[in-house]
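A.B. asks: Here is what each chain is made of, one letter per residue.
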Amino acid sequence: MDDLEAEFNIFPSGLNVDSSGSSEDERIPRKIKSPILLHASPASARSKESGFHKSSRLCLKAIRDAMLRHHWQEAAQYLSAYSQTLEETTVSKQSVACEIIWRLGTEILQHHPNSQLDDFNVLYEQMKNSGVKNYAKICLEHSFHLLLSGNINDAKRQLSVAASWRYGKQSVRQSLDLKLIHAYCGFLDYFIWCMKKSSMSTDEDCSSNREMHSYFRQASVTLQEVITQPGVWDPFVLSYVDMLEFYNDQDEALKVLQNYAYNKDYPSNPNAHVYLYQFLKRHEAPPAKLISTLKVLHHLVPSHELMLEYCSLLLTSVQEDLEESLTVVFNLLDYPSWKYDLNTWNCLLKVMTIFKTKGLQHLIDKEWEKRKDLWLSMHFRECHGRKESEENTELLLVKAKVAKRLGQHGRSYNKFNTEVWGRCNVKEKKQQVCKKRSKKKPNSI
Amino acid sequence: MPGLVSAGASPPIRVDHMDKMDKMDNRDNSFPAQLFPHFYLDGPPELEPKHNFDGWGSYGQILRGHADLAQCGTEGATLLGFKGQHKMEGELWIPVEPVVTPLLPHNSARKIPSGPPFSPDDFPEHMKHFYVHHCMDSFSTMGRLLGEHFNFRKDRSRKDCVSMGRMKNLVRRLKYKKCEFEHASEYVHRYRRLLEDVICDVPPGLLAELLHEELTFQREQEQFSPDTTGGALGCVPLEDFRGQREACLIYPRGEALDSLNFHRVVLEFSEGKPSVDVSNEPLVYNLNGAVRQISAARVDDAAQVGVRSDYFCAAWAIKDGQRPRPLEVIQLKKRCTSLNVSPHVCGELVVASESGAAYLWTVGKRMQKVREEKSNLYFNGKSAWRWCEFSAHPRVMVFADRTGAELTDSRSSDCSHTLFRIGKTAGCKSGERVIVSKYMGEVHAYHHLITTQFSAYVLDERMPSIPALKWEHMMESPPCFAQVLPALGSSTTSKILLGARGAQETVLLQYSGGREQPCQSDSPVQKLCSPCESLKLQLLPHERHKAEKRLAVPAAGLTATQSDDFLAVFQLTEAGDVFSQMLKLHSDSSGSRPDPSAPSRNVDSAESPSILNSSQQAQASVPEEEPAEEPQQDGRRQGTSAPSDEEQLSDSDFERELRQRMLSQVEVVVNDVQDGPHASDTEEPASVPVPSIRGARPVRPACPETPSEELTLTWSRWLESLLAETLAKKRSLRHRKLETSDVMQFKGHCKDRLEEDKFQSLRTSLTDALKSKKLLVHGGTCLPALDITPVPGTVDASDWQDDLSQRLSASWAGGWRSWWEEKLGLNRDSKIQALRRRRRQEKRARARTRVALSGSFTSSVSYQDSLSGWSSATSQCLGSDSESFPNSQSAAEDGPLSEPETLPRSPVVQRVPESQAAEGSLPVVPSPREELGTCKRLEHVSPSQTQQDLPGKTSTVEAGSTSSPLMLLKQELSNQLKPSLQQQRRQQQQDYLSSLFSSQEPSQDPGEVNDDTPLVSSGVAPLQRSRITLASQRPSQLRPASQASQASQPQRKKSRMGF
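Protein chains in written order, with the numbering used here: chain U, 1 to 445; chain X, 446 to 1504.
None of these hints come from the bench; they were simulated from the model.
Incorrect hints may appear among the rest.
Unchecked claim - In silico SDA-like pairs for lysine to any residue, Cα to Cα no more than 25 Å straight-line: (1) U:264 <-> X:1166; (2) X:764 <-> U:65; (3) U:295 <-> U:331; (4) U:133 <-> X:485; (5) U:33 <-> X:1161; (6) U:372 <-> X:981; (7) X:779 <-> X:718; (8) X:764 <-> X:701; (9) X:869 <-> U:366; (10) X:981 <-> X:818; (11) U:295 <-> X:860; (12) U:372 <-> X:816; (13) X:991 <-> X:1161; (14) X:869 <-> U:372; (15) X:991 <-> X:701; (16) U:133 <-> U:179; (17) U:61 <-> X:539; (18) U:33 <-> X:496; (19) X:869 <-> X:818; (20) X:718 <-> X:743; (21) U:372 <-> X:747; (22) U:356 <-> U:391; (23) U:366 <-> X:856; (24) X:764 <-> U:331; (25) U:61 <-> X:948; (26) U:33 <-> X:718; (27) U:255 <-> U:278; (28) U:133 <-> U:199; (29) U:133 <-> X:991; (30) U:372 <-> X:743; (31) U:93 <-> U:117; (32) U:372 <-> X:496; (33) X:972 <-> U:331.
Unchecked claim - Derived list of chain U stretches under chain X, where covered just means 3 residues or more per stretch with a C-beta under 8 Å from a C-beta of chain X: (34) 213 to 224; (35) 230 to 242; (36) 280 to 292; (37) 353 to 363; (38) 396 to 409.
The beta carbon of each residue, even a glycine, is placed where N, CA and C say it ideally should be.
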């Protein structure tokens, strides 16, 4: 009854039907599903259960319990008995049994103290052929296992066999797995290319080496293909760009990176922008280009590590960009994860000093008004002052200066500053500060 | 009430802690240089959940770390610098005890609700429950409700009562249409009395609708438990004081879980026996409603505690060195679904309610609405549940519902973007829903945990929509409690504890990365102990039942705290009981990772060989402590062929024995495979690695099988207090006693001697009969003759020639339809055909010149016998509805043709073999029904059957009667032709009947048995008697055999004879 609405596609007004994806989503009736517990069939089904099913169910339960408690040897014992479920005559049940045996078997082998690589190979080979529905997935996992155990050649062979595999109609899942298989195949080609490259003495040899070039071509074809698919492809993009750069195809590399960063179909991946920025920086792009790259990144991730770099870039640029630097550094300090970062506070102090000298105090006031409440309770409470006076006096000093610039003189936070710096030899401290920040004038306390 | 923290102590405020925090915080800002490959797909999830084992056997994705990292070659697995998303190795956390420890005495005020135990899906059961157990509500409620407000008496009207007299007047004046049955009100009244408890007051339709609504709600409640999401158990670590680790445990207690306890506990993570000291008195606040959720976070110098009840939220603050201080309480119009404390700013909380709105609640200031959504975020999830959490930015909140989670900026109204949504990208399964979302600020400043009924996702809010990590947690019920524990060092893992409400499941997940390196999960899912599995003591069944019931109530909260080597997990059940368990880090696993602190931790592996020999024998009885575990396993491994194994198996615990036996088998297999020096390997599994490609896989030390003595003592104390309560209650319950001494008095004094003698003789004959296993017949006793009402004579259907009688007789024999067909001439064609067929057969038979009569009889017996007993056998009525024409036997064949003749006499008149009739074995029965019953019974005594069943006894019967069934049937046939014969036998039959009665009489009336009459017919006794005996014995003795022979017969209605 409660799914009637879903069946007839009735939705209350006000739902975000305007978004293009959702209308597609809502065509499918959605019923909340509970996990299917094969090891614990409901009591109603139990009366009809045959002895075979019952024993396999109980066996599965025993395996599950043992595995969840990490009793791998006990689980292995049960699993050898559980393999009888493969004799299941129902096709759907048999394919599920195949998958279960593959998953449980691999996991048990992973943790069994005496498993060998051969055991894995045998299990993977048997399971991938007994349940063709999982062929691609199992192949992929098999090659992962080989890679992680250091057998790159076997892994490569596995992948290339799987890449040429065809069986009936591909399910969506299988086709995705096959795409990944192709991608990893290319990735391994790149890996071999890298090894060849490092074995060569000079770059000249490399670029003229035919074998390497063939690996490059193989890899580039497959990597190019997977990169056009929306997704996160950091390792693939990096390796593709690396090869392109090696063969001096900067334009193509830039195109790939720009597509990866700015294509709307792709998820907003901060790394895509970082790669682009690093690429531009490597090839000595003009600061304006760097700034525009980082601007997008700032929009996506205001708390990114590169924001300090962005800020210093902005400070060296024209007036409008300069104004943004204040927002950038203020935004950075909105995040509690930057709260104790001395560099950031220094940066803020520096920016504020520059702004003041340029007569842009009103901008500072504007930004301050926006976050006054937050900052007072997040940065400038008494407890912060006490703590920093004990742990990080430098931070205390900088923060106190910032507070004063912001017009917060009478705060209880500042009293710790006075306490700490008042007690000490002011001259010494001044020298210390001067050493560290030679640009700044020593503070008058 | 003593203060929570001793006021005098004002030690330095967690200096080292903060340093760690600082470093962590700064490191959190770096984003992984490479992420694992991941598809970004649009659209709803399509994956159908097929099984619940996805969490195993998969690496997920792999990528290659930096080249320089690869060259380091720190471990075998990263030779080429590849690493998988799911790492197989991880820290080994071993439970110190096999069961949980009851931390506090049971919450005596709380009674376990004993509501209907059936699931919300069982609709009829609920209706039944309502009608049966709430009959006062379901029936005649209206009268009872209104009764006291109406006055039917005429005398004087009470106050606040409506006088019916006036009421009638009023109605009359209104000219209201009266009930037309008023004149019959007396009858109506009587009917009402009669049907009061049958006709329900609430119309079933309405009731069903309401109940359905309620059950739908309950089902959702059961599936997701939105109330308890988050968990009502909190733990705030207090600063180290004199080297003691202290924590403030916050939990509800009391009858309705409505009193909030702040309990200062001391955690002793000593190597030998880690424990939790709860000797301090808790500080108790009594609240107005049940505590649903407790959220606690440490901000700056104080801990903030938020407590959510259904419509109220309250905030407390715990400052170091001070007792907890209530801050503020707010009330909401709609049910509150979420409350979370800000980990960034002191005194900020975020509240979400079923109205769809989320508020930022700053203590001491007004609430600020962050967001309001009337509908669900991404699709119609039909859920009013909303959840709100903080994020890495103090002004950006996570707003979640069942369909996903969004990051909402509270500073601007329209700035929000997806953090997570149920869809293809995250690899969700269809029908997946968000259960709980948690900001993992302690672990990583940008990480969020989102759980669904299938999976747990870690999301980095800098890279939304794409899960940084995903586990299939494989829990049976959805995890609605989550607790995270940060990594204490750079090489250790962060821990996530997930707890489910329904099955009390708790699992431990570990992961690392998220800073320079991408997130990787370490070690597969590990299940922790749950209270419901912890009852290991031997108890009496009823006590066990009671204790099991108490322990099996759903979980209500989960929290944990850690030290370097220990993990203390606390669980709360809905009964208000708190349990704890300790896990210990097994340090051998650190060999697979570069851990600088590994040597210092490597204590138990170093000392294991020394304990090995000494404890090997004793371990079966004292396997309590962790250090003893290592040798225990070693002992087992060595003992696969040694006799000491048998000693271990002598342990009474069967389960343990089984497991050991199994493991020992495994070991045997393994040893065969491995030809290396396994003796040394078993001695020190960690120091001598198995030469495999993947490097040494550390042998996991087994967790103890039996609880330690101390824990057993704690449990028995806990159970004692639980059970003592019920005992006390039981004593107060008194049974009503009924005096029966005067009722049961035997008045024997008025009997005379003669009577006494009679009784005596009757008793002796009865005992004789019992001894010889014969029957005591009435005729054989001296009891006075019985007053027998003669059975009316047989109704001969042929006497009743009218249509109605014929039809009735036909339908009695099951031939109602064919009678009508016959009557209406509908079966004319088939008759003609049958006639033709018969003629053909006759011709054929004539041609063969063979008389197959006898053969046909035999087969007709079996056929008819198998169909419906004698009645159909004799009547040969072939027209019954259920009957087909199964074979071409002549007896059956001529049925349709001879029907006009046979019909009148067919079903009712009983045809019996002459031999039986002559012996009077068939009573003359008054009505067809009884008659049928009789013959049904008697068919079992037919000679052929008796022969099979009771060969010894029936020899006389056989001698006297016709020798073969064939002959018998021939006679029967002749009987049929001469029905008058039967009437001559009537007298005999009546005799038989009377003797039949008498055969049963003695047991009913033992006072009148004739002493000298032989009770049982011996060999010379007339056949009649033996038959009687058999007939009356039949139900008890012959049934199995007869049923076996009847196996193929269609089961007839069990009919009873008149006696």
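A.B. asks: Next step is simple, just say for each hint if it's right about the structure.
C.D. replies: Status of each hint after checking the structure:
A threshold of 25 Å between alpha carbons decides the hint, and for residue 264 of chain U with residue 1166 of chain X the separation of about 65 Å lies outside it, so the pair is violated. Between residue 764 of chain X and residue 65 of chain U the CA atoms are separated by roughly 43 Å; this puts the pair beyond 25 Å, and the hint is violated. The hinted pair formed by residue 295 of chain U and residue 331 of chain U meets the criterion: a straight-line CA distance of about 13 Å does not exceed 25 Å. Taking the CA atoms of residue 133 of chain U and residue 485 of chain X, the gap is near 23 Å; set against the 25 Å cutoff, the hint holds.
Restraint check for residue 33 of chain U and residue 1161 of chain X: the C-alpha separation of about 40 Å exceeds 25 Å, so the hint is violated. The straight-line distance between the Cα atoms of residue 372 of chain U and residue 981 of chain X is roughly 59 Å, outside the 25 Å bound, and the hint therefore fails. Using a Cα cut-off of 25 Å, the hinted pair residue 779 of chain X and residue 718 of chain X is violated, with the two alpha carbons roughly 47 Å apart. Restraint check: the Cα-Cα separation between residue 764 of chain X and residue 701 of chain X comes to about 28 Å, which exceeds 25 Å; the hinted pair is violated.
A distance of roughly 43 Å separates the Cα atoms of residue 869 of chain X and residue 366 of chain U; the hinted pair therefore is violated under the 25 Å criterion. The straight-line distance between the Cα atoms of residue 981 of chain X and residue 818 of chain X is roughly 49 Å, outside the 25 Å bound, and the hint therefore fails. Pair hint residue 295 of chain U plus residue 860 of chain X holds up; C-alpha atoms about 18 Å apart against a cutoff of 25 Å. Of the pairs offered as hints, the one joining residue 372 of chain U and residue 816 of chain X holds, with about 22 Å between alpha carbons and a cut-off of 25 Å not exceeded.
With a CA separation close to 14 Å, the supplied pair residue 991 of chain X and residue 1161 of chain X stays within the 25 Å bound. Proximity of residue 869 of chain X to residue 372 of chain U is assessed by CA-CA distance (about 42 Å); at most 25 Å being required, the pair is judged violated. Taken as a hint, the residue 991 of chain X and residue 701 of chain X pair is honoured in the structure, with Cα atoms around 20 Å apart against an allowance of 25 Å. Restraint check for residue 133 of chain U and residue 179 of chain U: satisfied, since their Cα atoms lie roughly 16 Å apart, inside the 25 Å limit.
A C-alpha spacing of about 21 Å is found between residue 61 of chain U and residue 539 of chain X, which places the hinted pair at or below 25 Å, so the restraint holds. About 12 Å separates the Cα atoms of residue 33 of chain U and residue 496 of chain X, which keeps this hinted pair within 25 Å; it holds. For the hint pairing residue 869 of chain X with residue 818 of chain X, the CA-to-CA distance comes to about 24 Å; that is within 25 Å, so the pair holds. Of the pairs offered as hints, the one joining residue 718 of chain X and residue 743 of chain X is violated, with about 29 Å between alpha carbons and a cut-off of 25 Å exceeded.
Straight-line distance between C-alpha atoms of residue 372 of chain U and residue 747 of chain X comes to about 22 Å, which keeps the hinted pair within the 25 Å bound. A hinted pair counts as satisfied when its Cα atoms are at most 25 Å apart, and residue 356 of chain U with residue 391 of chain U does not qualify at roughly 30 Å. Only pairs whose Cα atoms come within 25 Å are accepted, and residue 366 of chain U paired with residue 856 of chain X is accepted, the gap being roughly 15 Å. Of the supplied pair hints, the one linking residue 764 of chain X and residue 331 of chain U is violated, its CA atoms being roughly 30 Å apart against a limit of 25 Å.
Note on residue 61 of chain U and residue 948 of chain X: the hinted pairing holds, with a Cα-Cα distance of about 15 Å set against a maximum of 25 Å. Note on residue 33 of chain U and residue 718 of chain X: the hinted pairing is violated, with a Cα-Cα distance of about 43 Å set against a maximum of 25 Å. Annotation: proposed proximity of residue 255 of chain U to residue 278 of chain U holds, straight-line Cα distance about 14 Å (limit 25 Å). Using a Cα cut-off of 25 Å, the hinted pair residue 133 of chain U and residue 199 of chain U is violated, with the two alpha carbons roughly 41 Å apart.
The straight-line distance between the Cα atoms of residue 133 of chain U and residue 991 of chain X is roughly 48 Å, outside the 25 Å bound, and the hint therefore fails. A threshold of 25 Å between alpha carbons decides the hint, and for residue 372 of chain U with residue 743 of chain X the separation of about 22 Å falls inside it, so the pair holds. At roughly 29 Å between alpha-carbon atoms, residue 93 of chain U and residue 117 of chain U are farther apart than 25 Å, so this suggested pair is violated. Only pairs whose Cα atoms come within 25 Å are accepted, and residue 372 of chain U paired with residue 496 of chain X is rejected, the gap being roughly 53 Å.
With a C-alpha separation of about 42 Å, the suggested pairing of residue 972 of chain X with residue 331 of chain U is violated against the 25 Å cut-off. Residues of the region 213 to 224 of chain U with a Cβ under 8 Å from some Cβ of chain X number 0, which does not satisfy the need for three, so the listed coverage is violated. For the region 230 to 242 of chain U, the proposed coverage by chain X is satisfied: 8 residues have a C-beta within less than 8 Å of a C-beta in that chain, meeting the threshold of three. Under a criterion of three residues with beta carbons nearer than 8 Å to beta carbons of chain X, the stated coverage of the region 280 to 292 of chain U fails, only 0 such residues being counted.
Using a Cβ-Cβ cut-off of 8 Å, 0 residues of the region 353 to 363 of chain U lie near chain X, which falls short of the minimum of three, so the contact claim is violated. By the rule of at least three residues with a Cβ nearer than 8 Å to a Cβ of chain X, the coverage given for the region 396 to 409 of chain U is violated, with 0 such residues.
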